[in-house]
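Peer 1: Each chain, written out:
2 protein chains.
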Amino acid sequence: MLNLLNDHRTVRKYTLEKISPDLLNQLLESACRASNTGNMQAYSVVVTTDEVLKKQLAPAHFNQPMVVQAPAILTFCADFNRFSTWCEQRQAEPGYDNFQSFISAAIDAIIVAQTFCIAAESVGLGICYLGTTTYNAQEIIKALKLPKLVIPVTAITVGYPEVLPEQTDRLPLNGLIHHEVYKDYDANEIDRIYAEKESSDFYNQFVKENNKDTLAQVFTDIRYSKKNNEFFSDKFLEALKEQGFLQ
Amino acid sequence: MLNLLNDHRTVRKYTLEKISPDLLNQLLESACRASNTGNMQAYSVVVTTDEVLKKQLAPAHFNQPMVVQAPAILTFCADFNRFSTWCEQRQAEPGYDNFQSFISAAIDAIIVAQTFCIAAESVGLGICYLGTTTYNAQEIIKALKLPKLVIPVTAITVGYPEVLPEQTDRLPLNGLIHHEVYKDYDANEIDRIYAEKESSDFYNQFVKENNKDTLAQVFTDIRYSKKNNEFFSDKFLEALKEQGFLQ
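Sequences listed follow chains A and B, in order.
According to numbering that gives the first Met the number 0, the first sequence holds residues 0 to 246 in order.
According to numbering that gives the first Met the number 0, the second sequence holds residues 0 to 246 in order.
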């Protein structure tokens with residue numbers, strides 16, 4: 000079991016083989032057994048396999064090729080629509096149109112997503128998370144016809160791997176874990192934690208190709224810039240407002 | 000593997016047996032192999048086992064007894080402090096003091112949390128998520144000495160189960176999954192999805208004990224009221240602001 004987790008890698012290229020509906024249901028059943036807030040199950044999963052719909056979703060994910068190529072895209076949504084509709088039908092006044100309800104529903108949705116991913120990998124499927132989901136939530140809401148109190152928080156592509164890519168590096172565990180309380184990082188500690196990453200040929204090549212002096216600059220100037228982060232912050236807050244989570 | 004996921008239950012009572020540091024490290028190593036945004040690993044895990052510190056954390060979790068009784072509490076934090084410090088040390092200007100960066104770091108932290116939980120269950124440990132984490136983030140920040148750009152998003156207690164409780168119910172899968180696009184719920188569909196829950200002796204007893212007419216009212220009037228949700232929304236937004244994620 001730990002071997003399965005240790006062997007995780009992101010898979011972006013899939014064979015043409017479809018995932019059988021029975022298998023998909025079985026994996027989703029297992030995923031939905033995961034913990035959730037107050038057993039309200041404030042999430043929904045939209046499974047998209049139709050070629051036309053995948054093409055409609057693709058621009059929201061910056062046309063990354065796996066979105067059209069993968070046999071299925073699963074969009075995991077924070078969903079207080081179903082629960083609130085039930086409350087209204089049962090003489091109860093729902094109060095889930097707020098930020099805390101979004102947060103707890105989002106946590107539920109992500110827990111289901113990751114449990115699904117592990118289940119999928121255990122039967123030989125490969126997955127890729129789409130971080131673009133919260134960048135372009137509005138476009139996804141439109142494509143998937145999500146009503147008020149439903150907002151996408153993450154999505155994955157899933158299919159049978161065409162090739163198993165190399166594993167990517169991770170920071171040393173003791174750079175990520177704090178014992179008892181948080182111990183802030185001093186300059187030496189930062190150097191130590193990032194030393195392996197910064198000495199790798201792969202990343203050094205990456206820095207050169209991007210005409211930068213340091214690996215950190217590739218992140219701040221190109222991949223995850225302040226300007227983009229602020230633009231997508233406003234956009235996601237606007238989506239939360241439109242979906243009714245900031246009343 | 001699917002059997003393990005299908006067998007999940009929340010464990011709130013633990014034996015006195017400690018978790019060995021080696022085993023805990025092994026489980027955390029496996030958890031940190033999980034997917035994350037841009038391989039920035041924008042999360043930290045604080046492992047608290049000290050009796051005095053557990054007692055300091057307990058009020059933030061409404062003094063739920065398992066917080067003091069469990070051998071370990073793991074607090075999973077969205078963390079752009081480490082990454083931003085690294086950027087500053089490498090002539091790069093970090094731009095992660097915004098809402099989108101919080102969201103992507105929070106997703107990373109929750110994915111690690113759930114992967115840890117599955118790893119822990121695979122070796123016979125039991126876990127309980129603490130939904131109180133985003134209610135009382137400020138109190139946790141203080142107890143765990145979290146600096147700016149670090150905020151707790153979820154926490155778990157973990158230990159060897161004293162008893163394995165009954166599994167809780169789940170809504171029928173076809174009430175949670177949507178094919179191709181979202182299909183909104185009509186009154187009949189809501190009745191169908193909640194029928195099993197509403198006919199159970201356990202929940203009917205729960206409704207009676209709380210002097211309510213419907214199960215939904217137990218949620219809206221007692222467990223997750225609009226008033227509380229709004230109070231904790233303001234509080235968590237304030238914590239996000241204080242930690243520097245809403246610049």
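For the record, the hints were derived by calculation from the structure and aren't laboratory data.
Possibly wrong hints are sitting among the right ones.
For chains that are exact copies, the list does not tell them apart, and a pair is met inside one copy or across any two.
[As the list claims (entries may be wrong)] Derived lysine to aspartate or glutamate pairs resembling DMTMM-like cross-links, with alpha carbons at most 20 Å apart:
id	residue 1	residue 2
1	234	92
2	234	96
3	225	183
4	147	220
5	17	92
6	226	92
7	211	188
8	182	168
9	196	16
10	211	197
11	240	229
12	141	16
13	211	87
14	225	50
15	211	229
16	54	165
17	12	161
18	144	28
19	141	28
20	54	241
21	144	96
22	54	87
Because the structure is a prediction, the values reported are computed rather than measured.
Peer 1: Work down the list of hints and note, for each, if the structure agrees.
Peer 2: Consistency of the hints with the structure:
1. 234 / 92: Classified as neither; 30 Å inside a copy, 22 Å across copies.
2. 234 / 96: Result: close both inside a copy and across copies, 18 Å intra and 16 Å inter.
3. 225 / 183: Close neither inside one copy (23 Å) nor across copies (37 Å); limit 20 Å.
4. 147 / 220: neither (36 Å within a copy, 22 Å between copies)
5. 17 / 92: Neither, since 43 Å and 44 Å both go past 20 Å.
6. 226 / 92: between (41 Å within a copy, 11 Å between copies)
7. 211 / 188: neither (23 Å within a copy, 56 Å between copies)
8. 182 / 168: Neither, since 23 Å and 40 Å both go past 20 Å.
9. 196 / 16: neither (36 Å within a copy, 37 Å between copies)
10. 211 / 197: within (13 Å within a copy, 61 Å between copies)
11. 240 / 229: Both ways: residue 240 and residue 229 sit 17 Å apart in one copy and 15 Å across, limit 20 Å.
12. 141 / 16: neither (29 Å within a copy, 51 Å between copies)
13. 211 / 87: The answer is between: 15 Å across copies meets 20 Å, while 56 Å in one copy does not.
14. 225 / 50: neither (35 Å within a copy, 41 Å between copies)
15. 211 / 229: Answer is neither; intra-copy 22 Å and inter-copy 46 Å both fail.
16. 54 / 165: neither (28 Å within a copy, 44 Å between copies)
17. 12 / 161: within (5 Å within a copy, 45 Å between copies)
18. 144 / 28: Neither. Shortest intra-copy (24 Å) and inter-copy (39 Å) distances fail the 20 Å Cα cut-off.
19. 141 / 28: neither (27 Å within a copy, 39 Å between copies)
20. 54 / 241: neither (24 Å within a copy, 41 Å between copies)
21. 144 / 96: within (19 Å within a copy, 32 Å between copies)
22. 54 / 87: For residue 54 and residue 87, neither the intra-copy (36 Å) nor the inter-copy (40 Å) Cα distance is at most 20 Å.
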